[in-house]
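Asks: Generate coordinates for the entire structure from the input sequences, incorporating the hints supplied.
Under our numbering, the residue at position 276 of the sequence shown is numbered 276, and the numbers go up by one with no gaps.
No lab work stands behind these hints, which were simulated from the structure alone. Treat the hints with caution; some may be incorrect.
As the list claims (entries may be wrong) - Computed spacing ranges between beta-carbons, pair by pair: (1) 281 to 137: 41 to 51 Å; (2) 258 to 152: 16 to 26 Å; (3) 44 to 209: 46 to 56 Å; (4) 183 to 125: 33 to 43 Å; (5) 15 to 185: 35 to 45 Å; (6) 112 to 195: 36 to 46 Å; (7) 185 to 30: 39 to 49 Å; (8) 137 to 113: 22 to 32 Å; (9) 175 to 137: 27 to 37 Å; (10) 277 to 112: 21 to 31 Å.
Cβ atoms here follow ideal geometry from the backbone N, Cα and C, with glycine treated the same way.
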Amino acid sequence: MTGTSILRKLDFSGIALLLVASLFIAVMIVPVTWAIVLGFTNSGPFQAHMTFAGLDNYREILSDSAFWRALLIGTIYAVISTMLEVVLGVGIAILVFRHGSPLVTSFVLMPYMIPTVTTALVWRWMTDSLNGIFNQLMVQSGLLGSAVEFTSTGVLAMSLVTAASVWQFTPFVVLVVLANLGTIPPSVYEAARVDGVNWWQELIYITIPMLRAPILLVILLRGIWMFNRFDIIWLLTSGGPIGGTTTLPLYAYVQAFGNNNYGVGGAASTVIFMILLVFGIIYIRTFHPEKEVARG
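Replies: So, in structure tokens, the structure goes:
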């Protein structure tokens, strides 16, 4: 390779890196920075000029009981959804890995490939109090005396949102766990069986410990994604009834576009970002996922 060709290759690599960096800045850094800036202003669609508001927006949201309620609801939703997805995903992945076929795997992963809008429509239809298949089956079997209106109370509405989310994203956990199950050496199981280890002991003392790194990574990712979830909640309940399913992303959205206060919405979005950033740093410093994955 001549010196000229090496320089051309380096020039191309530099240009490609510059393009990637520019795209990252445009897509990630600029929106986050702008949201932070808005949080310190009184910006809104009816404001002729953006003026500096200091910490007023942060004082407003921190003194708003609806903000703390949204934080609590969002935390409960993220924790319950993530735990259900992980438990179901790990269990399904192990069953599919041992007894499944490519067709079964494709069927299991199907909900993850369905658009969120379609998922919301399907779940609204299934749980409809008049024509929903869930209520019809429960009433006809005698398990329910009358149809249940899932958007009538906060608990029922959150149950609906959680069920739809778990149904849609458990396949993601299955996919990650399946990929890592294939990396466990068969000789480990063979040696354990020689020592008289049964299936349950294999699961508890071999499979789960060797899946620790991907499971922790999935918990982190799913927890962050569920805490940030907006679309399925908005499509199913719009945050109702009476704020019963309003999480922080919905709170920020309503403040910005419902109350036409971009400043408060930006402040709420910044708080969400800081919360997730703190938990991400704690996770990385505690579990060192890059080292775990390298060892696993």
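Asks: So, for every hint listed, does it hold in this structure?
Replies: Here is how each hint holds up against the structure:
Separated by about 47 Å at the C-beta atoms, residue 281 and residue 137 satisfy the suggested range of 41 to 51 Å. Evaluation of the 16 to 26 Å hint for residue 258 and residue 152 yields a pass: the beta carbon distance comes to about 22 Å. Between residue 44 and residue 209 the CB atoms are about 53 Å apart, so this pair conforms to the stated range of 46 to 56 Å. A C-beta distance of roughly 40 Å is found between residue 183 and residue 125, which places it inside the suggested range of 33 to 43 Å.
Take residue 15 and residue 185: their Cβ atoms lie about 43 Å apart, and the range 35 to 45 Å holds. Between residue 112 and residue 195 the beta carbon distance is about 38 Å. The supplied range of 36 to 46 Å therefore holds. Distance hint for residue 185 and residue 30: a CB-CB separation of about 46 Å, consistent with the stated range 39 to 49 Å. Look at residue 137 against residue 113: about 26 Å separates their beta carbons, and that is inside 22 to 32 Å.
Range check, residue 175 to residue 137: Cβ separation about 30 Å, and the 27 to 37 Å hint holds. A C-beta distance of roughly 27 Å is found between residue 277 and residue 112, which places it inside the suggested range of 21 to 31 Å.
Going down the numbered hints, you'll see the structure goes against none, and every one checks out.
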